[in-house]
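J.: Based on the sequences and whatever the hints tell you, model everything.
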Amino acid sequence: MPKNKKPAGGRAAKNFEPRYAAKTSYQDRKRRPGDSSVGKPGSKSPGHRGYRADADTAAPKRRWSAEEKVGRDEARAIRDGRPSRDGRPARDGRPSRDGRPSRDQRFDRDARGDGNRSDAPRRGANLDRVDRDDRRSFGDGRPSYRSDDRPRRDRDDRRPSFRQDDRPQRSFDDRPRRDRDERPAFRGDDRPRRDGGPRRSFEDRPQRSSDDRPRRDDRPRRSFEDRPQRSFDDRPRRDRDERPAFRGDDRPRRDDRPRRTDGPSRSNWSAPVRDHAQEQRVDVVHERLQAEAVQAEAVAGTTFGDLDLGQNIVKALAELGAATPFPIQAATIPPILDGRDVLARGRTGSGKTIAFGAPLVEAVLRSQAGSKRVFGRSPKALILAPTRELALQIDRTIQPIARSVGLFTTQVYGGVPQARQVGALKKGVDIVIGTPGRIEDLQNQGKLDLSDVQIAVLDEADHMCELGFLEPVQRILRFTEDGSQKLLFSATLDREVAALVDEFLVNPAVYEVAGEDQDSGTIDHRVLVIDHRDKAEILSSLVDREGKTLVFARTRAYAEMLSEQFDDAGIPALALHGDLNQAKRTRNLEKMTSGRVNVLVATDVAARGIHVDDIDLVIQADAPDEYKTYLHRSGRTGRAGRSGTVVTLITRQRRRRMQELLDRAEIDAPFEEARIGDDLLEELSGRQVDPTR
DNA sequence: CCAGAAC
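In terms of full-length UniProt numbering, the first sequence has 477 at position 477, counting the first letter as 1, and numbering is strictly consecutive.
The set of hints was computed from the structure by calculation and includes no laboratory data. In this text, a Cβ means the ideal position worked out from N, Cα and C, and glycines have one as well. Any given hint could be a false lead.
Computed list of lysine to aspartate or glutamate pairs in EDC-like fashion (alpha-carbon distance at most 16 Å, straight line) [stated by the list, open to error]:
| # | residue 1 | residue 2 |
| --- | --- | --- |
| 1 | Lys-535 | Glu-673 |
| 2 | Lys-535 | Asp-678 |
| 3 | Lys-426 | Asp-452 |
| 4 | Lys-591 | Asp-613 |
| 5 | Lys-535 | Asp-622 |
| 6 | Lys-427 | Asp-449 |
| 7 | Lys-535 | Asp-449 |
| 8 | Lys-591 | Asp-614 |
| 9 | Lys-426 | Asp-449 |
Cβ pair distances, simulated, as ranges [said to hold, decoys possible]:
| # | residue 1 | residue 2 | range |
| --- | --- | --- | --- |
| 10 | Arg-596 | Ala-557 | 21 to 31 Å |
| 11 | Glu-319 | Gly-428 | 22 to 32 Å |
| 12 | Ser-643 | Gly-428 | 38 to 48 Å |
| 13 | Thr-302 | Glu-666 | 42 to 52 Å |
| 14 | Glu-466 | Pro-670 | 22 to 32 Å |
T.: The structure is reproduced here in structure tokens:
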């Protein structure tokens, strides 16, 4: 059971809500008969939470044979990359919307009603109380530029928000440097060339189920001529191990760095000859997408108005601090308004939210021009994010833009009572922002109608294409209107999104900003090679400092443990991870944002997208497994052109693996040995060095 | 394996 390894006690209960009770009762039921550990109550569960629902609502053992079938079909669907359980094509137009067998099984009415009756009200009351407390306490001395982060939306989603500023201040120059101008115009040059070939981006890939493609060909809008295929190069996607080299030809720079002994290490890195026996988990490096590089200086004089956004939206953007478009925004707004599918890669903190958010609002507005907003209308746009915090943050940016033209947004994410979300949907909203689980849930319950969605956005799109996310995302996208426009954004966008592009996008435009690599940023990357037994103390030493520090841990338990350890050492710290209830997650993040606590220990729930001003030190207590994770985690600092430091702790055994990861991330970082009490720790924590620099 | 995402 939960061992409080700390004498002071109390805090664990305060900040940590263990789930053993629920878990054990779950685990017995959620196991599926096919699993090897079947039948042993309390033994390890078969997998991720996503599987839980299968058995959960259909508890009786009688149904096991039916469930078994579901499970098998599901597995088959995973293998084949398509969702159908009954062998019929997954998407022959819309008809799938009306209750596919799997849905019925998984969400039978009884279970639904029950959950609503017993669960929601109680939790609702609880959350309400917490939120109110938060609200009260935030109201006072908080800097005015920050008041947006409190969980104020519990009452009324529709209320126009007064302050929106989860974004970096635009006044600082966090745009990519302008110092390279090989090219004059960011788009002009490719316009003339129209080979006009019909879409063919992924045509050459093998297993494309023909049954779900055809409907794409006769999509309504998309009148635009096809632009030259800058987009996906037509190379087939590599499966993990067969990649010849992890650094494609499109990553030319960095010749400056001393090359690692090439041949052997390159070919070996993905081979299972790694230290730990089972190296099933490989940091797959997908091909980078061939993208049109936007030259920052080419858009220097452009305004949002030039990009065809309406007056009100431009004004709302200005109030958000976005006076003029960042390069990624200047690049993506026109094609989005043209109705094109767009893929965009922009460095962390480069303004991606507005890059899709502003044109999305404009597009929805145009589509409704002339018609009244009717009560109970179903949403026209959908934005999917991988975490609830990110969904909230996106809404904080989009909502004021939408409200400026009379459109409504609502958040649809889990961990909070459904009632408010459902209520908003009932009244009618224009833009839904949320996470896959709850969206699919409400969709299945018939409370969220996605059939009118004309624009769907995937933020952190590559992440949304990873194992546990891909399928729900696919199912959700299939419910959107035929031919709906799709926008995929991420700082690490690569061919991992091929699965979605293949099925859902038509001749997408792909953009990135020229000269954006991680080294062009303002982040100082360091790797500390330490003895494992020193780790706790070194961490405490690093964290004991003035500025805001974000610590990443690999597991929830370790994140929790570290936050308690720091707290016990007299360094106020909070945790952020999935074992906390949503109220605590929201509150702990807000306390970090508002500066009421300076140390936050998080799992990768905070790795992507989350913006907190002024984090000047990111510590990776556990090194990440993937280079993308490294990039996203480190992207929590060095925002808005400020300087930041990323310190990664590793043991000696991990040096080589770490170097390989850094190579893949294209980051140079010195490895330095560190022991307890070393000056180096003082320097990194900024205790001796002048922090202003 | 972990992390994340629904009741």
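J.: What hints, given by number in increasing order, does this structure fail?
T.: Hint check: 7 and 13 fail, others pass.
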